[in-house]
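*Asks:* Can you build the whole structure from these sequences, using the hints too?
2 protein chains.
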Amino acid sequence: MSTDLSLVDVYNETTYKITGHGNRDVQVLKQALESFEGTLNSDMYGKGTLIEDFQYKIANVLGKESAVFFPSGTMAQQIALRIWCDRQGLKKVAYHPLCHLEIHEEDGLKELHHIEPVLLADQDRLIKLDDILHMKENIACLLLELPQREIGGQLPDYQELEEISSYCREKGIKLHLDGARLFEIVPYYEKSAAELCSLFDSVYISFYKGIGGIAGAILAGEETFTNESKIWKRRHGGDLISLYPYILSSDYYYDLRVGRMEQYYEEAKELAGYFNRCKAVSTLPEEPVSNMFHVHFELPKEKVEPILKSVYQEADLGMVAYLKDNSVGGCYSEISIGDRYTDIPKERLEKAFHLLNRKMAEVKSR
Amino acid sequence: MSTDLSLVDVYNETTYKITGHGNRDVQVLKQALESFEGTLNSDMYGKGTLIEDFQYKIANVLGKESAVFFPSGTMAQQIALRIWCDRQGLKKVAYHPLCHLEIHEEDGLKELHHIEPVLLADQDRLIKLDDILHMKENIACLLLELPQREIGGQLPDYQELEEISSYCREKGIKLHLDGARLFEIVPYYEKSAAELCSLFDSVYISFYKGIGGIAGAILAGEETFTNESKIWKRRHGGDLISLYPYILSSDYYYDLRVGRMEQYYEEAKELAGYFNRCKAVSTLPEEPVSNMFHVHFELPKEKVEPILKSVYQEADLGMVAYLKDNSVGGCYSEISIGDRYTDIPKERLEKAFHLLNRKMAEVKSR
Chain Z
-10 MSTDLSLVDV YNETTYKITG HGNRDVQVLK QALESFEGTL NSDMYGKGTL
40 IEDFQYKIAN VLGKESAVFF PSGTMAQQIA LRIWCDRQGL KKVAYHPLCH
90 LEIHEEDGLK ELHHIEPVLL ADQDRLIKLD DILHMKENIA CLLLELPQRE
140 IGGQLPDYQE LEEISSYCRE KGIKLHLDGA RLFEIVPYYE KSAAELCSLF
190 DSVYISFYKG IGGIAGAILA GEETFTNESK IWKRRHGGDL ISLYPYILSS
240 DYYYDLRVGR MEQYYEEAKE LAGYFNRCKA VSTLPEEPVS NMFHVHFELP
290 KEKVEPILKS VYQEADLGMV AYLKDNSVGG CYSEISIGDR YTDIPKERLE
340 KAFHLLNRKM AEVKSR
Chain A
-10 MSTDLSLVDV YNETTYKITG HGNRDVQVLK QALESFEGTL NSDMYGKGTL
40 IEDFQYKIAN VLGKESAVFF PSGTMAQQIA LRIWCDRQGL KKVAYHPLCH
90 LEIHEEDGLK ELHHIEPVLL ADQDRLIKLD DILHMKENIA CLLLELPQRE
140 IGGQLPDYQE LEEISSYCRE KGIKLHLDGA RLFEIVPYYE KSAAELCSLF
190 DSVYISFYKG IGGIAGAILA GEETFTNESK IWKRRHGGDL ISLYPYILSS
240 DYYYDLRVGR MEQYYEEAKE LAGYFNRCKA VSTLPEEPVS NMFHVHFELP
290 KEKVEPILKS VYQEADLGMV AYLKDNSVGG CYSEISIGDR YTDIPKERLE
340 KAFHLLNRKM AEVKSR
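Going line by line, the protein sequences match chains Z and A. The letter at position 273 of the first sequence is residue 262 when you use the numbering used here, and the numbering goes up by one with no holes. The letter at position 5 of the second sequence is residue -6 when you use the numbering used here, and the numbering goes up by one with no holes.
Because the hints were derived from the structure by calculation, they are not lab data. Note that the structure is predicted; figures quoted are calculated from it, not measured. One should not assume that every hint holds.
Each pair may be met inside one copy or between any two copies, as identical chains are not told apart.
[Said to hold, decoys possible] In silico BS3-like links for lysine-lysine, alpha-carbon gap of 30 Å or less:
1) Lys292 <-> Lys36
2) Lys340 <-> Lys99
3) Lys125 <-> Lys80
4) Lys36 <-> Lys290
5) Lys99 <-> Lys219
6) Lys198 <-> Lys219
7) Lys258 <-> Lys198
8) Lys99 <-> Lys80
9) Lys198 <-> Lys353
10) Lys125 <-> Lys313
11) Lys340 <-> Lys290
12) Lys268 <-> Lys348
13) Lys313 <-> Lys36
14) Lys117 <-> Lys313
15) Lys81 <-> Lys99
16) Lys313 <-> Lys219
17) Lys298 <-> Lys36
18) Lys99 <-> Lys180
19) Lys198 <-> Lys335
20) Lys36 <-> Lys219
21) Lys117 <-> Lys80
22) Lys117 <-> Lys335
23) Lys198 <-> Lys19
24) Lys348 <-> Lys125
25) Lys219 <-> Lys81
*Replies:* Now the structure itself:
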């Protein structure tokens, strides 16, 4: 019977789930709005205390002079790179081959801003100082994504980050942080968000990853930079008459969850342990450095899906909603720990992983 | 005492106001959300029944094959023009000198899309067929804004619209409708939205003008066109993980108010009459053709502001919140009728206009 249902269908039917904060439904917004009075005035085209107070609050958290709220990171980051390119008179930037701008934005950076990216490092590893030292092209800006999502959320050593930052400052290369998951890495580095951001000239953060808001982003840096970003925000069509549905929910869920990042990080390490103890299953990184990691299965999707479906049904616990092929004939999925994990009864978790281990071993040995 | 307060301060303190639907506050969103279940799933990057159903509903209203929800009209319209320019291999469009793209978007069309606009007609009048016939440049697309907001919301005769549409089709010029206030003009033309849209290849409508939503727009046309617009929406950073705060409020306020446009139109005509019977006050158009018009005062701002402030205070009725200089030494403001007008007691309205007439006459005769 389970074979008629897709993996995501079976996943959706389970009572407990190991990833995320909960369903992305309208209740997420309703809950946030309960904390705010109906008489609160809307922001108006980027102005008004509602947006200005939140921008000020987050600028302080990031240790930057100024911050601007954007509807999306796609918009914020293209604009950041455009400003740095215009300042340097050089339409070239460098980033990882699996950078969000390269693989998820329909080439907006190239099509709208005519900026040429230099791809640093290989797809399956982090950018190193050495890659930057040996770059042949001149660039206006280097973008680093911390953690590097598409390879399981890996992170460089803090010392290497400092060296990259120093080198860029010395060479006049602007350093931009794709910090979509910035708060999620604070526990690993044992540095504050502001300390991490001090290495960068501009910073983007997201409010719907670990924070779990509806949508929305902040771009922060010096005031001359953020003022210029507001002009581009208008040009992109992101300077809406009202952004408050996103601002209020970002503010609400930031306050609710920013203090839970240490917990998510510890839970991610625990969960990775469960996966790594299963036959033919491993995580990347082996020990997570944030709330996220990738789980890899040494069997193709067609074999893993039925196994996962039966585990989900027998344990009433969903693990991942989809699988993608990996480059070595197996498959993988992304895990992000949120509020849900802590609610799972331990016996259920152990039952599920006991089943997963047994079924993977059975199929693997055939 | 009133001289210490600005016009907008005095306006804000009045119990009754002649324009708009009400305060732009968080209650507007809370009220809309009350109609929807918390368990309703979010749209996800432009997909899911929540967004698709609304797009389908509005496509039908507009009589177009397909529709796409956008966070803003700025984004939707630049993209529409870009698509038509790409199709024709010609980066030139024509529009009115006071077109939204020319004066309110920080030149996004030029800076992001490198499209050159040809300005048709003079600032103070509508585009006529004759302007198009005598245009020297080849263009890919003509944008018409109905009503032409910046000149009081004027409209061409329907026959002239038909002639412009026929001419453009004959010449292979794409015709795009800036229909930010489309539903507001349906009563004047006595044509359905779909009939009006049938003259155009692509149509943009807004949900926070007469409809009074939070923000959001629809771009409609043939499916090949709207599919392409989704790629550009991603590039612009408008393909948010969740647009539902705007979609649900657009849907709610569309249903609530689309049937009230006739009422707003009749009230606008009544209100324009009140203004036109005052000394040294006139409206543009003299008889409104939608829910909006401009009111002009034959005295400079410095003289009109104290008059308006005392009228607002004595009648406890706010008329306009700001004044702008006009080109003939006087000043003007924009009026848009919404839900508020009908709640004003007639005696209060008559008292206010009696006061306005007397005070304008007094100052005018000095």
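*Asks:* Let me make sure I understand: some of the numbered hints might not hold for this structure. Which ones are they, in numerical order?
*Replies:* 2, 9, 10, 18, 22, 24
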